[in-house]
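Peer 1: Chain by chain, the residues:
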Amino acid sequence: MSNWPKIQQLAKEVNSGKTSAASLVAKSLALIEQKKEFQAIISTTSDRARRRAEEIDNKVKKGQNAGRLAGVPFIAKDNFLAFGAETTAASNMLKGFDAPYQATAINKLEAEGAICVAKANLDAFAHGSSTENSDFFTTLNPYDKSRVPGGSSGGSAASIALDVAPFSLGTDTGGSIRAPASFCGVVGYKPTYGLVSRSGVVAMASSTDCIGALANCVEDVALVMEVMSGQDDLDSTTVEVKDNKFSDFKKPNKQIKIGLVKEYLADGINQKVKDRVLSISEKISNNGDIVKEISLPSLPLALAVYYILCPAEVASNLSRYDGQRYGFSDANSKSLEESYYNSRSKGFGNEAKRRIMIGTYVLSSGYYDAYYKKAQIVRTKMINEFTEAFKKVDYLIGPATPTTAFKIGEFTADPLSMYLNDIVLVAANLVGIPSIAIPAGKVDKLPIGVQLMARQKEDHNLINYAKYLEELINA
Amino acid sequence: MAILSHDDILKLAQLARLSLSDEEVESFINEISSILNYVEQLNEVETDDLEPTNQVTGLVNVWRPDKVINYGYQVDDILKIVPKMHDRYIRVGRMIE
Numbered sequence: 001m002s003n004w005p006k007i008q009q010l011a012k013e014v015n016s017g018k019t020s021a022a023s024l025v026a027k028s029l030a031l032i033e034q035k036k037e038f039q040a041i042i043s044t045t046s047d048r049a050r051r052r053a054e055e056i057d058n059k060v061k062k063g064q065n066a067g068r069l070a071g072v073p074f075i076a077k078d079n080f081l082a083f084g085a086e087t088t089a090a091s092n093m094l095k096g097f098d099a100p101y102q103a104t105a106i107n108k109l110e111a112e113g114a115i116c117v118a119k120a121n122l123d124a125f126a127h128g129s130s131t132e133n134s135d136f137f138t139t140l141n142p143y144d145k146s147r148v149p150g151g152s153s154g155g156s157a158a159s160i161a162l163d164v165a166p167f168s169l170g171t172d173t174g175g176s177i178r179a180p181a182s183f184c185g186v187v188g189y190k191p192t193y194g195l196v197s198r199s200g201v202v203a204m205a206s207s208t209d210c211i212g213a214l215a216n217c218v219e220d221v222a223l224v225m226e227v228m229s230g231q232d233d234l235d236s237t238t239v240e241v242k243d244n245k246f247s248d249f250k251k252p253n254k255q256i257k258i259g260l261v262k263e264y265l266a267d268g269i270n271q272k273v274k275d276r277v278l279s280i281s282e283k284i285s286n287n288g289d290i291v292k293e294i295s296l297p298s299l300p301l302a303l304a305v306y307y308i309l310c311p312a313e314v315a316s317n318l319s320r321y322d323g324q325r326y327g328f329s330d331a332n333s334k335s336l337e338e339s340y341y342n343s344r345s346k347g348f349g350n351e352a353k354r355r356i357m358i359g360t361y362v363l364s365s366g367y368y369d370a371y372y373k374k375a376q377i378v379r380t381k382m383i384n385e386f387t388e389a390f391k392k393v394d395y396l397i398g399p400a401t402p403t404t405a406f407k408i409g410e411f412t413a414d415p416l417s418m419y420l421n422d423i424v425l426v427a428a429n430l431v432g433i434p435s436i437a438i439p440a441g442k443v444d445k446l447p448i449g450v451q452l453m454a455r456q457k458e459d460h461n462l463i464n465y466a467k468y469l470e471e472l473i474n475a
Numbered sequence: 001m002a003i004l005s006h007d008d009i010l011k012l013a014q015l016a017r018l019s020l021s022d023e024e025v026e027s028f029i030n031e032i033s034s035i036l037n038y039v040e041q042l043n044e045v046e047t048d049d050l051e052p053t054n055q056v057t058g059l060v061n062v063w064r065p066d067k068v069i070n071y072g073y074q075v076d077d078i079l080k081i082v083p084k085m086h087d088r089y090i091r092v093g094r095m096i097e
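From first to last, the protein sequence lines stand for chains A and B. When the letters of the first sequence are read in order and numbered with my numbering, they come out as residues 1 to 475. When the letters of the second sequence are read in order and numbered with my numbering, they come out as residues 1 to 97.
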């Protein structure tokens with residue numbers, strides 16, 4: 001049993017005075033302390049969280065409504081700018097960085113009464129699939145301490161599996177919410193590109209960066225996504241989604257067609273993981289919906305496209321860290337030029353440097369057409385294949401990760417093998433469609449997730465079907 | 001196969017304003033070459049007359065009125081995170097020898 005009732009229930013209890021925001025914050029902070037050995041958390045925002053809890057409790061005492069998330073504690077991945085603690089992106093570059101403003105997503109949650117209690121560990125700048133690239137420490141998988149929690153939102157996913165808060169926030173640029181959700185047995189949601197404002201979130205690859213939520217059930221994720229979504233002046237890529245009452249669940253009243261993605265059941269995917277996906281597909285068709293195999297021939301190329309576009313955009317975004325205006329600055333440099341070199345070389349870890357180098361190469365004169373432009377063209381091909389597929393089916397299904405959680409250190413010596421862990425996830429980012437990872441039971445005692453994808457801006461329908469599927473899997 | 005030479009790595013590092021240790025240079029030659037080898041599979045793809053995708057939700061030129069909006073940001077909070085200051089200016093190292 002979870003330490004926490006459903007979020008809607010929690011907020012109701014706070015608003016009715018049955019429980020206090022102060023007690024929920026105290027409970028979450030105590031649980032975080034209890035589970036410290038897993039190293040999911042970089043810092044807590046305890047003082048500010050307690051003050052905010054007091055404000056919310058006072059509001060309730062005065063008979064005011066404290067919001068749809070009144071008093072609900074949550075944990076933000078440490079690449080969200082938030083008050084009350086440093087925002088480090090798990091990097092030495094931003095160690096000690098005191099955010100002068102907050103992410104829009106955090107402001108929206110706070111406006112509904114939610115309280116950020118802690119900042120979760122990640123791969124530095126969200127570059128990775130295991131949290132092993134954190135410049136500080138590696139988070140341990142709650143199910144097996146010798147294994148990784150997945151990444152890059154590993155601390156956020158582990159926090160939910162450890163049940164220290166009702167929900168957490170993550171970012172998903174190439175699978176970074178859904179992969180750790182799969183490895184930790186929790187629900188992880190990556191929305192349509194632009195559904196949630198990226199303002200105040202440390203940028204990684206801007207054409208695929210998405211903000212999403214992790215929780216123990218689809219219902220909780222839906223409510224958090226509903227509160228965070230919407231257009232924002234501070235992020236001109238945000239999109240208008242008319243059907244955004246995600247927490248309003250309605251049973252689909254027609255027969256749904258599900259496409260079982262052929263390329264996601266190919267070699268390289270663990271057989272037992274495939275079997276889980278197939279048995280869930282069978283359950284779906286036994287319950288009246290249609291499941292048919294569907295092929296998207298360009299899918300095996302998704303990772304190659306991603307590992308051109310992502311480093312290119314990373315190299316551009318990380319060029320702002322020059323040691324002059326904020327972030328790590330080398331104090332012993334004599335000239336401006338020397339300060340750039342020293343601040344960047346000492347502030348960035350190995351993976352950030354590797355991606356900056358690749359990105360610089362693929363964007364450099366003479367190589368741009370061969371790499372970056374070619375990748376953008378293949379991206380178009382992939383988008384066209386998805387458009388065709390969604391003419392035939394409503395949703396696509398496949399595994400959320402090719403395997404269960406791997407051992408700490410298993411892939412650190414070979415960056416390319418590490419990248420391959422995201423092979424089934426990156427396409428949704430490149431195409432900009434919503435995708436959710438739902439726990440699909442266990443394989444050899446470790447959790448594994450199943451992934452559902454939908455058309456752009458059909459987040460509400462996807463969440464509805466995900467809730468149905470969650471019930472079906474647990475039945 | 002190493003696509004990048006020792007000198008290529010140094011040149012890229014210079015473009016990116018990174019100074020790399022000898023070990024970093026050596027490991028990057030292999031690692032980055034193997035990643036570039038992997039992505040070269042895209043050269044085999046038939047793309048005919050497809051256009052590149054830069055923006056995935058189809059947005060073009062998002063405009064806003066040209067006026068100052070107060071988002072509540074405080075100049076002093078922003079200046080607090082500057083490494084070196086002189087009065088209210090950001091101070092940097094010497095630019096010209």
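The set of hints was computed from the structure by calculation and includes no laboratory data. Hints may contain errors.
[Stated by the list, open to error] Result set (DMTMM-like, lysine to aspartate or glutamate): computed pairs, CA atoms no more than 20 Å apart in a straight line: (1) A:K346 to A:E33; (2) A:K353 to B:E26; (3) A:K381 to B:D49; (4) A:K250 to A:E471; (5) A:K250 to A:D98; (6) B:K80 to A:D98; (7) A:K373 to B:E46; (8) B:K84 to A:D322; (9) B:K80 to A:D330; (10) A:K334 to B:E97; (11) A:K6 to A:E112.
[To be verified] So the derived list for chain B, only partly shown, Cβ under 10 Å to chain A, looks like this: (12) I9; (13) L12; (14) S21; (15) L36; (16) V39; (17) T47; (18) V62; (19) V68; (20) I78; (21) K80; (22) D87; (23) R88; (24) I90; (25) G93; (26) I96.
Note that beta-carbon positions come from the ideal geometry of N, C-alpha and C, so glycine has one too.
Peer 1: For every hint, state whether the structure bears it out.
Peer 2: Structure-based check of all given hints:
Of the pairs offered as hints, the one joining K346 (chain A) and E33 (chain A) is violated, with about 31 Å between alpha carbons and a cut-off of 20 Å exceeded. Simply put, K353 (chain A) and E26 (chain B) have alpha-carbon atoms about 13 Å apart, close enough for the 20 Å limit, and the pair holds. Pair hint K381 (chain A) plus D49 (chain B) holds up; C-alpha atoms about 10 Å apart against a cutoff of 20 Å. Between K250 (chain A) and E471 (chain A) the CA atoms are separated by roughly 14 Å; this keeps the pair inside 20 Å, and the hint holds.
The straight-line distance between the Cα atoms of K250 (chain A) and D98 (chain A) is roughly 43 Å, outside the 20 Å bound, and the hint therefore fails. For a cut-off of 20 Å, the pair hint linking K80 (chain B) to D98 (chain A) stands: about 8 Å separates their Cα positions. In summary, the hint linking K373 (chain A) to E46 (chain B) is supported, as the alpha carbons are separated by about 14 Å, within the 20 Å threshold. At roughly 13 Å between alpha-carbon atoms, K84 (chain B) and D322 (chain A) fall within 20 Å of each other, so this suggested pair holds.
For a cut-off of 20 Å, the pair hint linking K80 (chain B) to D330 (chain A) stands: about 17 Å separates their Cα positions. With a C-alpha separation of about 11 Å, the suggested pair K334 (chain A) and E97 (chain B) falls inside the 20 Å cut-off, and the hint holds. With a C-alpha separation of about 16 Å, the suggested pair K6 (chain A) and E112 (chain A) falls inside the 20 Å cut-off, and the hint holds. Interface hint status for I9 (chain B): upheld, as the beta-carbon distance to the closest one in chain A is roughly 7 Å, under 10 Å.
The restraint placing L12 (chain B) at the interface with chain A holds, with a minimum CB-CB distance near 5 Å, inside the 10 Å limit. Checking S21 (chain B) against chain A by beta carbon gives a least distance of about 9 Å; that is within 10 Å, so the hint holds. Of the supplied interface hints, the one on L36 (chain B) holds, with its beta-carbon coming within about 7 Å of a beta-carbon of chain A, less than 10 Å. Checking V39 (chain B) against chain A: minimum C-beta separation of about 4 Å stays under 10 Å; hint holds.
Because the smallest distance between the Cβ of T47 (chain B) and any Cβ of chain A comes to about 5 Å, under 10 Å, the interface hint for this residue holds. Using the Cβ-Cβ criterion of 10 Å, the hint placing V62 (chain B) at the interface with chain A is satisfied: the shortest such distance is roughly 4 Å. The restraint placing V68 (chain B) at the interface with chain A is violated, with a minimum CB-CB distance near 12 Å, outside the 10 Å limit. Hint status for I78 (chain B): holds, given a least beta-carbon distance of 5 Å to chain A, under 10 Å.
Taking 10 Å as the C-beta cut-off, the interface hint given for K80 (chain B) holds, the closest approach to chain A being about 7 Å. Annotation: interface hint on D87 (chain B) violated; nearest CB of chain A at approximately 16 Å, more than 10 Å. A cut of 10 Å between beta carbons decides the hint on R88 (chain B): the least distance to chain A is about 13 Å, and the hint is violated. For I90 (chain B), the interface hint holds, the least distance from its beta-carbon to any beta-carbon of chain A being 6 Å, beneath 10 Å.
For G93 (chain B), the suggested interface contact is upheld, since its CB lies about 4 Å from the closest CB of chain A, less than 10 Å. Proximity of I96 (chain B) to chain A holds as hinted, the smallest CB-CB distance being about 9 Å (cut-off 10 Å).
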